[in-house]
Amino acid sequence: MFLETVAHEGATFFHLAPLAVFVPLLGVLLNAFFGRRWGERGVAIVAVGASGFAFVIAVLQALSLMAHPEGAVVPIAEWITIGDLRVAWAQKIDTLSVTMMLVVSGVGTLIHIYAVSYMHYDVRYKGDPGRYARFFVYFNLFIAMMMILVTGDSYLTLFVGWEGVGLCSFLLIGFWYEMDILGRPSTANARAAMKAFVVNRVGDAGFLLAMFLTFWFFGSLQFDEVFPRVHEVAAEHPWVLLAISLLLLLGVTGKSAQIPLFVWLPDAMAGPTPVSALIHAATMVTAGVYLITRSHEIYAAAPMAQEIAAMVGGLTALVAASMAVSQYDIKKVLAYSTISQLGFMVAAVGMGAFVAGMFHLVTHAFFKALLFLGSGSVIIALERAHHPLPEEGGHGHEHDEHGHHAEHHDEHEPFNPQDMRVMGGLLKRIPVTAWTYIIAALALAGIPPLAGFWSKDEILLEAKHLQPVVYALLSAAAFLTAFYITRQVLMVFFGKPRSEAAAHAVESPRLMTGVLVTLAVLSAVGGFMNAPGVHAFGHWLEHTLGHVPVLEFDPVVAGVSTLIGLVAIFLAWRVYRATFAWTEWSQDPLRRYLRGLYDVLAHAWYWDELYQVVFVRGYRALAGFLAFAVDWTFWHDWFHDVLIAGGYRRLSRFLSQPVDLGIIDGIANGLGNSVRGLALVMRRLQSGYVRNYALAVMLGVVSMLVYVAWALR
Amino acid sequence: MTVPVTWQDVAALLPEFFLVVWASALLLLDVFWIREKRTTAWLSALGFVVALVLAVGQMGRAPLLAFRGMVIADAFSVFLVALFALSGLVGILLAQDYLARNGIERGEFYVLLMFSVVGMMLMARVADLVMIFLALELFSLPLYVMTGFARPRADSEEAALKYFLLGAFASGFMAFGIALVYGATSTTSLPHMVDVIQAGEADLALLTAGAALVLTGLGFKIATVPFHMWTPDVYHGAPSPVSGFMAATAKMAGFAALLRLFVLVFPVVADLTPVLWALAALSMVLGNVAAIAQRNIKRLLAYSSIAHAGYMLSAAVAFADPHLGPQAVAAILFYLVAYVLATFGAWGVVILLERRIGQEGLLLEDYAGLSRQYPGLAAAMAVFMLSFIGVPPTLGFFGKFYLFRVVLDAGFVGLALIGVLTSLVSAYYYLRVVMLMYMKPGEPIVRREPRVQATVLAAAALTLFLGLTAASSLYAWATEAILRFG
Amino acid sequence: MNGTQWAFLGVYFLLALIFPALPIVIAHFLGPRRPNPIKDDVYECGLKTYGSPWVPIKVQYYLFALVFLIFDVELVFLYPWAVAYDMLPMFAVFEGILFILMLGAALVYAWKREALDWYEPTMPEFRS
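These protein sequence lines are chains A, B and C, in that order.
Position 703, counted from 1, in the first sequence is what our numbering calls 703; the numbers after and before it change by one each time, with no gaps.
Position 53, counted from 1, in the second sequence is what our numbering calls 53; the numbers after and before it change by one each time, with no gaps.
Position 83, counted from 1, in the third sequence is what our numbering calls 83; the numbers after and before it change by one each time, with no gaps.
So here's chain A without its partners, still in its complex pose:
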């Protein structure tokens, strides 16, 4: 197949695209079967190699696209053929999918490298070094699934990847399924994984319905066959495209954690930090944004869905940003931040500003991955300071490799290395982590000329023109963004250390800091690829999205957004300046200003509690009804006891009497007698009653006619 493709494509590398899926899968297989035997080094080489190979493939695709911007469809296999439904698994290589491939494999590889070191510590602190290989099996599987998702040439293939990454997300959130972040026995992580899965299922139901509708009205799920007919179908059935786009949006709110289905993402921070960086910040959660961009023709034909999507995105951006303001968990802040930033992207692609949305997707992948990896570095730094591993010689703590480390530190309040209240002053202890973190934070806050500024500015510019309400929402969100990230930076890196561990924090190994620096460079300069006057990224995507009008750089919008960021940073500094002298955390200074609202924000607006009451309890009541009334009374008592058990009893009586005595004994007595037993049974049928005989005739006639009707149907 490859040879054929090569012959057709000439000098391009499109035919290599399937390797982006299969090499990570190979990594999965190798690590799954041999991981334990090869040890951490072998696992790391295989996993990083597989991911890096995928990145190389992605780069080759990009190079090929530069020569042949029209892209290609690379067939892999016939998959499903049922009646009219013919689904071939093929890869659609165009500028959009290759952008995603580059982000996924590029950032993915960096995070793989980081995780090699991070997980080395993590599995030891959690007390199960054997799980190291398993982590990279899942991680490579995620890369493979993400590649399937972004390169799929039909909704169905995309959905396979969509579900595949969902599965990986589930597996990795629950990676430490039997313990909490402190290593104490707990099912919290497993529940978080379950929550992510279940909430996503709601969104997936929408996605599935959208696919059903698409197949019903378009007769196909192939992008190439659906999109050209959008106008035709839109003219015939105006509501169909609205329904499809809204159902797709439901899927997006699940995967990309938008209102109302965002609640799973903060809990998903239960996964190891590289997971949060790769899956729950940089790549998987942006799949929704990719889906809308991929379906831009459908959305373009449903303006109402566009407005709704933009509103959903804008609201999510603002609400999530407000929630991030009052978190203490270093990763929770970033989680809400991610939701908020995804809101920016969804709002952008919802409005039709696909280039801006995708641009922000890319830059966000850089700086948010950096923030998460930085936080991971901070966490490991504190862990290592708190109780060094035996291999590091450390403070002489007795350490049991097999036990949970927390059991040896029976302090009243167990030390939580993710709690920002026990940090402070880390700038001096771990400068590389701190400075890269600050660069990422400024990028997030939208301070020029960092990457986040350009992409956010483009979104705001588009919003100002397309939907002023969303512009307002996003501007408010931008203010809060700058505020909460400044608060975090101040709490973590400035002031005095507020714990023993913070005072003795150790900088992470080179492997990790190297990744941090790389990402910091990308976060700093990544924005220039679509900066005003350059627009390389826009022109790149134009090959897929069609001509995109470029809005003129508006100094007012840029100035206002920069000003908003600076003011927020200043305010945050004003509020948290007081904490610089603290050696122990007391009440959050912000609480003085916000009072009750602070708790509301800290509890994420009681969103989870609302769902708990409305859905979970309602569901439980319904389930209770079903369990008792339907299952127990009807199904168990009546159906099982009366129908099945009773029928069985009767049958067994029948079997024991005529059949057992007549037939089974007959067989025991030899073949001749067994036939004789059967004959005796048949003699019973010969009752002598005319009505029975007539019934036999009737049954014969009826079965004949039924057969005839069936044969001629």
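Think of the hints as simulated: they come from the structure by calculation, not from any bench.
Note that the structure is a prediction, hence the values are computed from the model and not measured.
All C-beta atoms, glycine included, are put in the ideal place defined by N, C-alpha and C.
Watch out, some of these pointers could steer you wrong.
[What the hints assert, rightly or not] Rough simulated footprint, nothing fancy, chain B against chain C, three-plus residues with beta-carbon under 8 Å:
1) 5-16
2) 87-95
[To be verified] Pulled a few chain B residues facing chain C out of the computed Cβ check, cut under 10 Å:
3) D9
4) V20
5) L28
6) I178
7) L204
8) A205
9) L282
[As the list claims (entries may be wrong)] Okay, the calculated beta carbon distance ranges per label pair:
10) V706(A) / L22(C): 26 to 32 Å
11) V706(A) / M102(C): 42 to 48 Å
12) L107(C) / R451(B): 30 to 36 Å
13) L107(C) / A11(B): 47 to 53 Å
Assemble the complex: chain A is given as a structure, and chains B and C must be docked to it using the hints.
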């Protein structure tokens, strides 16, 4: 429109005409002048002989549609008419002594038997749907009466009533089937129907449903599962000669119409092939297995007749194949001859051993020791049983051979396998009779009734002789008796 | 094979069921019901019944009925034959005569068999 009816039409139906006139006359003669019932018997036997001669006289003639296309005299029908005339003769020979000794001899019996035979002959002659129904009723109604001929006896009356009720039930399906077929083809004339079907103007769905219902009516007469349930009760309750006569001739009549309809007219409803397959398989399995449990020889023979209906039907499964159709007809005709001979013979033995009507001498144990005292009779019975099983060189062996050959040619290997296996099963109960006769001591009481004995011995001799010498020529003759419409 | 034809058959069966059932059902719902003993009485001409109707009926009734039926049907068959008599070919005339003769023979037979004579019951009378 009106085609004048001429004497040629009468000539085509000469045996039937003669028998009707003869029977009507005999009815009045019997009432007014004949004192000895035996005379009526002899006269009716004479009538059958004449009819047989007339039928043989029709042989070799060109096929002839008569009475405006209601009936046909072709080689097939002539073959069967001759066989029916012979069967009528045998029926009277078997019945007369039996009726006399049981005090139920009435002249009407012979007349009814003659009318019944006329009906059966017409079944072989049908060229019109209406005619099928008429002929069916004509041969069935006298049979109902004859079944109840041992009138004061409750089991005989019960049998008659059962037979009548269920027969009417089945006739109802048949009539409905005929109506559907008519609805599908807009004609009742079979030759015309063939044209309509070939022209593709027939409504296939209706036709198939109609054919299935007609199959029900005919299946009832030839006693195939699941339309067979009356058979044991009726054969058991009816006077033995009537049972024997029914077992032999009613099946012939049913098959005559079934073959004509399905091979000649209905090949288009090939969708019914699995239905026929199932009927044949069920009949073979159920008939043979149920026969094992019987202790009464009449019931045993009843179930055996069901099984044999299944064997014959299995060849008819190939009806839709234009090449195998004629072969199936020949095989079934051949088998019918073998079956009729053995059936008459076996029932003759039953008649000889039945001491008081329906009461003594009917159990299998009553046959113990038969070979000691009546070696000829026992040997004859053994021949019939072996012919039923299909042991060479009896006629039954060749019959089964030709049947299963057709079944195999048609590709129904499973059905042929069922046939062979059930034949093996049937050996169990048939050989039990032989074993009782030859190996168990006993004191069987047998009537000295020369006509019956002669009939039995003749049947045994024919079964053996034809099997040994003339099987292939008989088959050739049956092959010539192909169905034609012109 | 097309299903509509089966549907027609189905509709036909349905109608065959509905047509007799409908009047009964309608009567059941529409008819006012004010029963009294006279209305509830079994309908019968003439005298009021007494005793159980479930007594064996003399089989001779059926014999009469059958003989009557035979000649009743004969009449129906003969009517067109008689009407078209002057247009019939010779053979048809013979056919008709043959038909009459056969039924005549049957009548003679029945007469001779004393099927037309009425016999007083010889078994003890049933009392209710």
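State the violated hints by number, sorted upward, taking the hints as numbered earlier in the document.
Those not satisfied are hints 6, 9, 13.
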